[in-house]
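Asker: Take a look at the letters that make up each chain.
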Amino acid sequence: MDYKNTLTTCIYCGCGCQMNIETLDGQIIGVWPSKTQEISQGKLCIKGWNVTSFSDHADRLTTPLIRKNGELVEASWDEALTLMAERLGAIKTESGPDSVAFLASAKCTNEENYLFNKLARAVFNTNNIDHCARL
Amino acid sequence: MNKLIIDGAEYQAQDDQTILDVCRQNGIEIPTLCYHPAMEPYGACRLCTVEVIRHGWSNLHTACTHPAWDGLEVKTQSPAVYDVRRTLMGLFLSRCPHVPVIQNLARQYGVTEPPFATDDPDQKCILCGLCVRVCNDLVKANVINFSDRGIDRQVGPPFLEKTRDCIGCGACTIVCPTGAIDIVLEEAGVYAEKPLGPTAAIYVPSLQAVPRVPVIDTDSCIRFRQQDRSNGKIADACGVCQTLCEANAIDFDQQDEILDLTVGSVIVATGFEMWDPKKLSQYSYGRSPHIITGMEFERLSNAGGPTGGQILLSDGSKPKRVAIIHCVGSRDHNAHAYCSRICCMYSLKHAHLVRDKTGAEVYEFYMDMRAFGKGYEEFYERVQEEGVTMVRGRGAVVDVLPNGKLRVKGEDADLGKLLAVDVDMVVLSTAIEAPHDADKISALFGLGRTADGWFAEAHPKLRPVETNTDGVFLAGCAQGPKDVPDTVAHAGAASAAVLGLLDRGEVVIAPTVAEVNRDDCVGCGDCLLVCPYTAITRVEGKAQINAALCKGCGTCVATCPSGAIMALHFTDDQIVAQIDGVLAWA
Amino acid sequence: MGVEFEPKIVAFMCNWCTYAGADNAGVARMESPSNVLPIRVMCSGRISPEMVMRAFRAGADGVLVMGCHIGDCHYSTGNHRSVKRMPLLRNLLATVGVNPERLELTWVSAAEAPRFVQVTHSFTDKIRSLGPLSQEVAE
Amino acid sequence: MIDEIRKIVAERLNETDDKGARLDGMVALRRTGPAVAPHVFVAGDDLSTLEINPRYPLMTVVSRLHKRLPDIRLGVVARGCDERAYVEMAKRNQIDPERLVILGFACTAEEALECYCAEPFPKNLVVGTPAAPGPQNPIVAKYDTMTLAERRAFWKQQFVKCIKCYGCRNICPECFCEACAMEDKAWVEPGFLAPPFPAFHLIRAMHMASRCIACRQCEHTCPAHIPLTVLYDLMRRDMEALLGYVPGADLAALPPLSVTLEQTPLLLGDAHDPATIPLAPIGR
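Protein chains in written order, with my numbering: chain A, 7 to 141; chain B, 34 to 619; chain C, 578 to 716; chain D, 15 to 298.
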C-alpha cells in the first residue's frame, strides 16, 4: 500500500488554487482541495475538482501526430520536431515571421510557457503568441 | 432357556421372567390385585400365591415375585394354594365388603360373607400400593405414599392434605384395582365427565385421520408434563406406553423436523380459524355447558365423540328444544362484516341431525338463508319439511336462566315481532376467520391481504387462485370463506396452475422489471431493504435483480441514490418525457 | 381581469389503485378537472422526489402523488416509502420558500372513483387559489 | 492533546491482536512543510508530522482504501463527525467495520462552536474530554418564523451564487455514488447555472435525508459560501421529527426511507391519511 497526497497547483487557470492529488500505488484515486493554502482555502471550482480526469483518458495524446495523406499518424518526437523545424523555417523564409502564430496551452507549466514565449519572440521574431485560457 | 413344570405341563421361560409372567403368557390363570405389567412386582396382595417345588422341597410363594428358574415345579391350583387364597379373600372381604372386584374374587374362593366385622364398611382401599408405586415410580410426581402402621396404615398425600404437586394425571385411579381413588375436578367444566375434547394423552386425532395412527398429546402426557416441570430436562416419568407397546412404535425423542425444500411453486392452503364467540358477550358462550358452537356440536353428534354420537345434555338427557343461531360473528360490524358462507348449510345439517336423533323442537334463527349451491335449496326445503321452525331474524341475545334453561331473544322479521324462546341447548353457528398468524405467512411470501384478513388473490374474477407473488397460489379458505365443494374446486384450480408451470418448463413474466447498471452501483444496499419480493441480492458487492422475482414496482429505482437501477418501461427518461409532454400540451 | 388562471397539475398515479380509480371515474362518467395531467407509474413507491421536482421545473403548478391505501399496496409496501419521502419533500419545498401545499400525497383506491374526483377537484381549486408557481418563484 | 494522539497512534501501530496481526496503517493528517493532507501512517513512520487540523473527510480515505485493498486493516484518527460518517458509510457497505479501528478524539469547545456541532466527540473516545455541544446555527434557529417569501428571498440570493462545482458533493463523506443524480440531465438541466427551480440543491438535500451527519465539509468547501448546512440541518430536524432517525447515531438503525412502516413508523400523523402528517412550522 503506497498511499500519497501530492501537493500541486491547479493547471487550469491563473488563480493558483492548490490541491492534493491522491494516489494509491501510483494510480490517481482522487483530488483533495488543499485546506492549508491561503489562496483557495480548501475550495475548488469544477475544473479543479476534475483536474485529473484527463490523465488516463482514452483520448489523451501520448505521442505527436503528423498528418500524412490527409490522416493523422502517430510519430516519434524526433520525427515531429524535425518536421516542425523544417516547415516553420521554410514558412518564415518564404512569408516572414508574422505569418506564424504560437498558441500555448494553459495546462503547461510556467517554465514551459516561458520557453515557448522565448521560442516565438527570440527565435521566430514574432509577437503572435497567446494561450488557451485567457481568463 | 429355562424349563419348568406348571400344573404338570412343561413350559419354557426366559431368565428374566417370573412365574406369573410364564403363567400369564400361557393362559394359566392366577388372580392378582397388586400386580400391574407396567410396574415392578411388589407382592403386596399375596393373592398370586402358588406352590413351588424345588429340589423336592415344597413352599408357598407369590408368583409375581418368584423367578421362573430352571427345573421348578409349580402348582397353581393345589389345595394349599386354594386355602391361602381363600383366607386372603376372606380378609379382603372383611376390609372392603362392598367392593365388587373383591366380592367376585371372594366368591370364586367360596367366601360369600365377610368372616370378620369391620368399622368402616365403605372402605375400598386394600393397601396394595399400586397407586403409590405408579405415582412414585412411573409418574415421578411423588405425591402419595403410605402413612401410619399396622391397622392404621393408609394411603394419601402428605398429612392427607390437598397438594399442588399432584398433576392430576389420574394414573392412580386407573391402576387402583378396587376403584378406591376418585379424581375430583374442582372446576368441573362443560360435560366434565364426558369431555368433548380428547380423553387420553394418546389418541387417534379423528376417526378419519390420515394416516390413522395415534398421537401423543404432549400437553396431557405425564412424561411431557413432568419434563415441562423439570425445565425441559428429559423426565424419566411414566413411559408406560413405551413399555407396553409390542410394536416398539413409541419414541419420546421425536422432534419437530424442519425440512428445507427447494420448490418452484407453493400453494398456500392455511385455511381458517373459528371465531371465538366469547368476543360478543350477548351470546353467553361459556356461561352454560349447553351453549355450544357448531364445531362442538359436530363433535357431540359424531359417532366417535364422547357420547357415541348421541345429542345429549350434560346430565345425559336428550334436549327437548334446541335453538340454532346463524351469523354469529359473521355479517356483523362488531365482528366480521363478511358472510362466512358455510354456516347456513351446516346449521341446516345440525337442525336435521337434532330432529333425527332427538326429535327435539328446533328453532333456526337466520337473517337470510344462503342456500346457493347445487342441491342446497332442496336440502333447505327438506329440513323445513322435517318440522324445523325457521325464524327470519338475527338471534340477538342468549340468556342463561336461573333454572339452567336458555332463553334466546330475537326479532322475527316476518312477523315483525320480538320473540323469546326457552330452549335446552343453543348451537352458535360461528364465523370463520383468517388464522391469527396469517401475517407471518403474508410476510414470508409477500402476499397481500384484504381488509378482512384473508390472503388477496391476484384478481377477484380473473385470477382467483394466483397471488401477486409469482409461483405462489392460494387454495381454499386461505383466500376467503369456502365450503367443501368450493374448496375442492379452488384447490384443484391451484394444483392445475402449478402443474401448468411444471409442464411449461419456462415461464413468461411481465417485462416491467427493474435492472441494475452494475457500473453505477455502489452496493449501498438500500434497494435490498426496499424490495418486498427479495428479488435483489448483493453479488460481489453490487446489487443484482432476479428478474423472475421482480414485479416491477420500481420502488428500488426511486430509492437508489446512484440512479443505478432502471425500471424497464417506466424509465426516468420515459417519465420525464411524459412530464414534459403533458405540461407542454396543457 | 384577464383570463382566470388555470393551473397545470401533474398527477402521479399508481397503476393498481389510483389509475384504476381514475379509470373507473371515467367509466362512470364522473367529471374530473382537465387541469390534472395523469402520469401512470406502477407503484407510488416508484415516484422519486426528483420526478416531483422535475414536474415543478417543467411548469407544473401543483403535483399530486396518489397511490393505494396503506395495507392495500399491490406490492405490499411500496407506498410505505412514499408516505415517508413525500412529507420530507413537502418540508423541503417549504424550506426553500415553495408553498408546500403545491405537493400533495393522498391515497385513492381502485374502488374510490368518487374520491378521485373529489381529490382532484379540491386540489385544483387549491392550486388555482395559490396562483402560478412561476409567479411565486419569480417575485 | 496532539502529543497524546501521536503517542497512542504509535502504540496502536505496533500492537498485535490475538492472531498476531498488526494494523496495516493509521489514517490521519500529515504535515509536509506548510501543507497538511490525509495520509496513512505505518509502523515506524515519523509521527511528529501527524496533525488533527484542518478537517478532511478521512472516512472517505478509509472507504477508498477498503474498497481497493480488500484485506487491509486500518485505524483512523477520528473526530465525532468522522465517526458519524463511518456509521452511515458502514451501514451502506462503503467501509468494512471488521477492518477498521477508530481512535476517537474530542473537538475543542471552540471547534464545536464554529461547527454548530451538536455532538463534538466520538463514541469511541480515546483522547480528550467531550466539549459542550455548539449552539444551533442562528439561521436554523430562527427559521420557523420566516415566511415562505422570506425563505425564497434568502435562498434565491444564495443559490444564484452557485457555480455548480459539485464541491459539496465531492467533499461529502456520504456522497459515494458512482453516478450522481445531480449529473443526470433528466433531473438537473446541463449548461445552466442556478436554474429557476433549484433542483440541484433540493435533490442533494433529499439524498442527504438519512445520511447527512452534519460534518459541514460541504459548506467549508463551497467557493460561493452558500450556507448549505442550513438546508441539511432543517432536513435532519424534519427527519428526526418524522421518522426518529438521527444519521450517524446507530449502526444498527435501518435507513427509514428504505424500510416499511412496520420497521420504522411515522412519528407524526397517520400514514393512512397523509393529510394528517404535519409540516414544520412556517412564519406568517
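A couple of the hints might just be wrong.
To be verified - Below, computed lysine to any residue pairings styled on SDA-like, alpha-carbon distance capped at 25 Å: (1) D:K81 / A:L30; (2) D:K199 / B:T604; (3) D:K156 / C:P677; (4) D:K21 / A:C19; (5) C:K703 / D:D284; (6) D:K170 / C:M607; (7) B:K450 / B:H366; (8) B:K390 / B:G408; (9) B:K353 / B:Y413; (10) D:K175 / C:Q712; (11) D:K170 / C:V714; (12) D:K81 / A:S59; (13) A:K53 / D:C176; (14) B:K575 / A:K53; (15) B:K173 / B:P148; (16) D:K178 / A:M7; (17) C:K703 / D:P295; (18) A:K10 / D:G47; (19) D:K81 / B:R551; (20) A:K10 / D:D284; (21) D:K199 / B:G614; (22) D:K81 / A:C19; (23) C:K703 / D:A163; (24) D:K199 / B:A617; (25) D:K156 / C:D649; (26) A:K53 / D:R183; (27) C:K703 / D:G283.
Just so you know, these hints were derived from the structure itself, not from any lab.
Just so it is clear, the structure is predicted and the values come from calculations on it, not from any experiment.
Asker: Find the hints from earlier in the document that the structure breaks and name them by number, from lowest to highest.
Answerer: Numbers 4, 6, 14, 15, 16, 20, 22 and 25 - these are the hints that the structure violates, sorted from lowest upward.
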